[in-house]
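A.B. asks: Residue numbers (the working numbering), protein chains in the order written: chain L, 106 to 230; chain C, 3 to 177.
Be aware that one or more of the hints could be misleading.
With a straight-line Cα cutoff of 25 Å, these simulated DMTMM-like cross-link-like pairs (lysine to aspartate or glutamate) come out [to be verified]:
1. Lys39/C x Asp214/L
2. Lys156/C x Glu108/L
3. Lys39/C x Asp126/L
4. Lys118/C x Glu138/L
5. Lys156/C x Glu117/C
6. Lys118/C x Glu108/L
7. Lys35/C x Glu138/L
Think of the hints as simulated: they come from the structure by calculation, not from any bench.
Chain residues, written in single-letter form:
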Amino acid sequence: MNEQQTAYRIRQLLNRGLDLDAGTLARLEAARERALSRQRVAAPSFVLGWADNVIGRFGGPASLIPRMLLPMAVLILGLIAVNQWRDSQTAAEIEEIDAAVLTGDLPLDAYLDKGFDAWLKRSSH
Amino acid sequence: MERRAYKQALFAVRDSENALDIVQDAMLKLSEKYGTKPTAELPMLFQRILQNTIRDFYRRQKVRSLWVTLFSSLSAGREDEETDPLETLAAEDPSGAGALPADRLEQSQVIEIIEKELQRLPARQRQAFLLRYWEELDVAETAAVMGCSEGSVKTHCSRAAHALAAALRARGVEL
Chain L
106 MNEQQTAYRI
116 RQLLNRGLDL
126 DAGTLARLEA
136 ARERALSRQR
146 VAAPSFVLGW
156 ADNVIGRFGG
166 PASLIPRMLL
176 PMAVLILGLI
186 AVNQWRDSQT
196 AAEIEEIDAA
206 VLTGDLPLDA
216 YLDKGFDAWL
226 KRSSH
Chain C
3 MERRAYKQAL
13 FAVRDSENAL
23 DIVQDAMLKL
33 SEKYGTKPTA
43 ELPMLFQRIL
53 QNTIRDFYRR
63 QKVRSLWVTL
73 FSSLSAGRED
83 EETDPLETLA
93 AEDPSGAGAL
103 PADRLEQSQV
113 IEIIEKELQR
123 LPARQRQAFL
133 LRYWEELDVA
143 ETAAVMGCSE
153 GSVKTHCSRA
163 AHALAAALRA
173 RGVEL
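Please work from the sequences and hints to get the whole structure.
C.D. replies: Right, dumping it as structure tokens:
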């Protein structure tokens, strides 16, 4: 008898030995139920939560308003925040330039002089 | 599924209470961590978790034994129990003293003998044999669960099958 045949016979006999006593079976069943109940709690948060959200959007105005308003409000607030941040960035840049101009050795009139501007461009080349 | 898992744990730890705890832990871990995985992947994942839970049990038992040894003076007989069953490589030589002719044995007795011989196998051989032939995982899956090469799985399975056949023959059981 080769390995496969030995294994097959042993497998058959092991399967017949699965008749466990009632107490053990009950505890295994309870453990299984407990595990399944945990799964029921964990799984819906991903799968059913999303499905419910999608269905809820078509569930009439009562469900539409809170479900749509909150994301919209968050989006608008986000856009306002981005806009403000950009404004503040621009203001900071302008302030920096102003400060550089005011604290520089050159008089302010030099920047208004077109000849000076042309000289600057030429000398930079 | 859980019956086979219980038996596997029982063969490994030889205590029904601990075996039940191990199966329960493994099922909870499977449902909590992998509840959203495709059904086809679950048997292999469960086997991996089960084998890890059995290994964790051995580790905890080893640590506990270490503390017991530190705080009490124990005989050498007690120390024998501390050895990690996973590291036990040599199978006990079954005595042929209680051998009975196969035709006089009831099936339940044959099953009992097989289960005892499975418990006597080195842990890795038993693990490979049960995963491969009882849980019907293929060689690659068994290797993945055991964290070893496919070659090792084949070697473990072959040795386990030969050891079991020889032990059963020695006890008068012909398969």
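A.B. asks: State for each hint whether it applies.
C.D. replies: Each hint, compared with the structure:
Only pairs whose Cα atoms come within 25 Å are accepted, and lysine 39/C paired with aspartate 214/L is rejected, the gap being roughly 73 Å. As the CA atoms of lysine 156/C and glutamate 108/L are separated by approximately 11 Å, the hinted pair is consistent with the 25 Å bound. Between lysine 39/C and aspartate 126/L the alpha-carbon distance is near 32 Å, which puts this suggested pair outside the 25 Å criterion. With a C-alpha separation of about 30 Å, the suggested pair lysine 118/C and glutamate 138/L falls outside the 25 Å cut-off, and the hint is violated.
Between lysine 156/C and glutamate 117/C, the direct Cα distance comes to roughly 21 Å. Compliance with the 25 Å bound is thereby established for this hinted pair. With a CA separation close to 19 Å, the supplied pair lysine 118/C and glutamate 108/L stays within the 25 Å bound. Taken as a hint, the lysine 35/C and glutamate 138/L pair is honoured in the structure, with Cα atoms around 16 Å apart against an allowance of 25 Å.
Taken one by one, the earlier hints fail for this structure at numbers 1, 3 and 4, listed in ascending order.
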